[in-house]
Amino acid sequence: MSWIFKINHLSDIEKEGIYRILIPPSIFHTFHIHPILFLNEKLERLVRFYCPPQDNATLIEIKQSLSDPDSLFFVQVSDTKDRTQIRLDFIIANDPKSERFNIDVDALGKDTLFGRANRNIPEEIRAMQAGLAPGQVRRGLRITGEFLKCLEHFCRILGIKSILLEALFYHNAIIYEKYGFSYFEGFKMMKRINELFQPGKILFEKLDGSTPFRQIGFHRTIRGRSWAIHDGILNDIDDEIIEGGWSSPKMYKMVDKPRQISSFPDAVY
Amino acid sequence: MKKVFVSSTGAQSGQSLAAWCIAEIYNSRGFRIGFFKPFITRPILQNGQVIDKDALLMKRYFNLTEELNILSPIISEGIPGDEVVREEQLSRIEQCYEMVKKDKDVLIIMGAEKIFYDPESPYLPDGILVNKFDAPVVLVDRFQNESMSMYSILAIDSFLKDKVKIVFLNQIPLEDMETVYNKLIPFFQKRGTPLLFLIPKDRILSSLTVKDIVDLIQGEVLTGESRLKNLVESTSISSTHLKGSLYLFRQIYNKIILLGLETEDLNSPLLSPKVTGIILTGGRRPAPVIVNTCGDVGVPLVISPFDTFVTMEKIQKQQVHIKENDVYKLKRFIQLLGGETAIQKIINEI
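Residue numbers (this note's numbering), protein chains in the order written: chain A, 8 to 276; chain B, 114 to 463.
All clues stand as given, with none of them false.
Here are the simulated SDA-like pairs of lysine to any residue, each with C-alpha atoms no more than 25 Å apart in a straight line:
(1) K356/B <-> Y259/A
(2) K13/A <-> E346/B
(3) K13/A <-> N367/B
(4) K13/A <-> Q429/B
Derived by calculation from the structure, the hints in this document are not laboratory data.
Same shape as in the complex, but just chain B (with noise of 0.2 Å):
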């Protein structure tokens, strides 16, 4: 069986992302996955479980048959650095990795937050965990600059003993692109590892759906069910963007007009913008022509009970979690790394 790990510089670095893209490399080649991620770092409460959402996002993409419970077995609740809590812990990890390992081809696991010790941090480090899986690192790194990418790969392959045989430079934005591929792929390349995968900073990937601003908000769609896939890059509450019918829009001051891409222009990501959704602020119902409005033109209309700050504090507050649901950011990543040649390279090298 192979074993991979995929850690993490930092929070918000993608890391759910390249588990799932890693697994799925390898069952589009036929092999079966499985998942361990021993720490639940991404709770939420299921049936009165405390349970992790990548290990539902694994349990219900892959058809996993282990409980969840097991797939991410332990809360992290002890005092940091507490001996036998770890111990417990240790113990606790074996006994749930013996199980999900059964009958799989490859075993992605997944570490904790970030890979660097923190003498504050309620995990066990990652390190002791990749030895002790001994497994090949995919290591993600959120893209800040090269001085800090560069040294932060250089010292965690340094103290994972060259371990880390990938890493996914995540979220570089455009204008950095040349310069980090002229630095740093050539500083790679000659000292052989870890194989890096420059990966920009991509609209999609980034977006939200008008469904999960719904969630967010606890709106209520009053038109426009069928679109709320739709992604929503940005809002405004300019006026400058309604065209058309959506003209009308303009004598409402209560708006948040959400703007990115429809569903079918995925494939397109050079398009402008567009409107995606409209939602109304303050929590009053609008007349039919409002509504009869963004029906015609196939755009979600939604009630927002909160008013414009308040909404906007909610939508600018919440960050980008991948769900299950969110297969076109699966193949978005993939497609970002280089499809089929990067896909080619990454099972050479683990």
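Isolated chain A, as found in the complex (with noise of 0.2 Å):
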């Protein structure tokens, strides 16, 4: 049985002891939330934890206020086939405070996935401007590193061996791999896609300022790369590693052991 169905079927408040480990400490400070309680200074429980006994995966979503759409921090982790592992199928993290950018919903209202299923151009143009990358609404809270230590010291209590995830956009895939992420899938596309925005190269040579996010120079940078591929950018050439555009990488961190993976050597942020 893996851990967290298992973990599931524990009392409330004997899993929600264990959860809360997944929660950057942090996050207590900075918004005021009493770490034990999960209360604000006006008594209003702010953290959810979503772990029925059913299911094998466990939710857990702060926000800064009850009324607020957007939650502050949102992580899902769920077990695998192999009880040696575990999936971090999501994790947000917004700064409440900063501006709010509608990449995720089109002119009708509709979800666009991130921008993945469609997209909000002039709000990515917004947001692209702000300093944001692809898939943000608002500034992130710069807590991934700390939320992955909080995780790695989840696995080490459990022996739980390995991390898994999916990295939907570019940058994550650089930023994960930055944290010790090794590949099981997308290392070949993802290095093709380092050598293709070399000077003189055809991704380089594509950005050529035919959009917004097509800029000269954007090969520099992880964030312009990002934009310029969540723009469709790997769609427009024809080469047989990155046949079909941007495919979300597979990765995986052993506990304990980082990777030193890097498919874009001295990248900038």
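Two chains, two separate frames, one set of hints: put the complex together.
Shown next, in the form of structure tokens:
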């Protein structure tokens, strides 16, 4: 029996006690949330756990205020068939004080799937100009590293050996590389992307200002490349390895045994 | 006219399904069926009138001509134990009983939620009604453990003076079936009565349909209207269930996956649960590609106006109540009882 499924069978107090390990401690201090009771100063409970006994996934959501549409922290982890692995399904960390960019809804109010199903171009331009990466509706809390430490600690307690995830966007994959993740699938594509963004190569040439997301110089930064890829630049080239455009790489990290992978050496964010 | 009183040892025992099953057994053999449930215990409001859900189900399924306020006449509002109210209730029950039994071959009388005496209960004890109607009893017990079931049955049979003819021991976990069979069946066989039927806990009987869930969460169906009868045994937020083109949904974080059996698989209850529906929470409408993906694979896609936590709370709080559309549950219950052999035994015993 895998760990999440097993923990989900415990009492609410017990499982919340275990799953609180997944919450980066800085969130409690930054947002004045009681770390044990999960209450704010108005005595509202801001942390919610969804971990029913029949499910093999758990979800933790924290909002700054109960009425906020966006979570400041949202994480979902789940079991895999192998009990020595855990899957990080989602991690979202939004700075609630920062400006919101509605890249997640189109002009008709329909969900864009963070711009992957359809796009809200004007909002994406605004987000890009404000320094955000694709998929972000607000500035992040910069707690990915802290969260991954929490997740690894959780894994160590339970004897889980590896963490699996899919990197939705290019910049996610590069960031996870920096935290010691390696690839099950997609490394060849990542390396090829780096090659083709080198001066004189096809992706570099395609950064011609033809859209706001394909500006000259975007090849130099993780964010610039990510916007260009999000804009479909990979679909515009004929390459055996990148056939079919961007495909979320499947990545993993061995707990306490980080890999030193870099598909974009000396990358600048 | 034959009368059968269907009673229960407690709430959520499967009493309504059992009453429907007994009625159907006689109906399928050409008997004219009547139904009477003195007390409204499952109230709903219809056209400004409080009616009973079981009475509504029976009226519609068996095309009963009597009005619902005759089939189930009493809304118990009085103070428990008030003698005047009790007299009035008995008089009204008597009056309605005379009407519902007219031109019937078999009258199914359904008791309140539990047969045990409860001083706080607003209903007349089933025991009084059983004796008043002098009817054989079909008792439904939701299994908890062997000892509790055995002593409940013996106690009830004792105070009803051997009127309990049949017991449906319901919702027995599969892992307990063998022990229950080896302990309880020989005990009651040796004793002579009542006749015991063991009904295992069953995924089909305990399922909701996608439509039930849509109603419950006030959801909007975006695609898959024709598959709303799919069963839902469990829910999950995990993406591990998403295969093939549904893999796209892995990228959506505000989703609940409904798992169960499709209607065409009802005769193959050993099949693994499939994705029988997907709920997108938070009220936001998805991009057309999402809707089309579900449409292509025939999986109902529903938007919930509530977030994941509230949506799940609503689903989990829901208790499974039988409705007239649940004919598949009726068939399944009869199948689990033992089919034709069981039907013959029941008819012989009553």
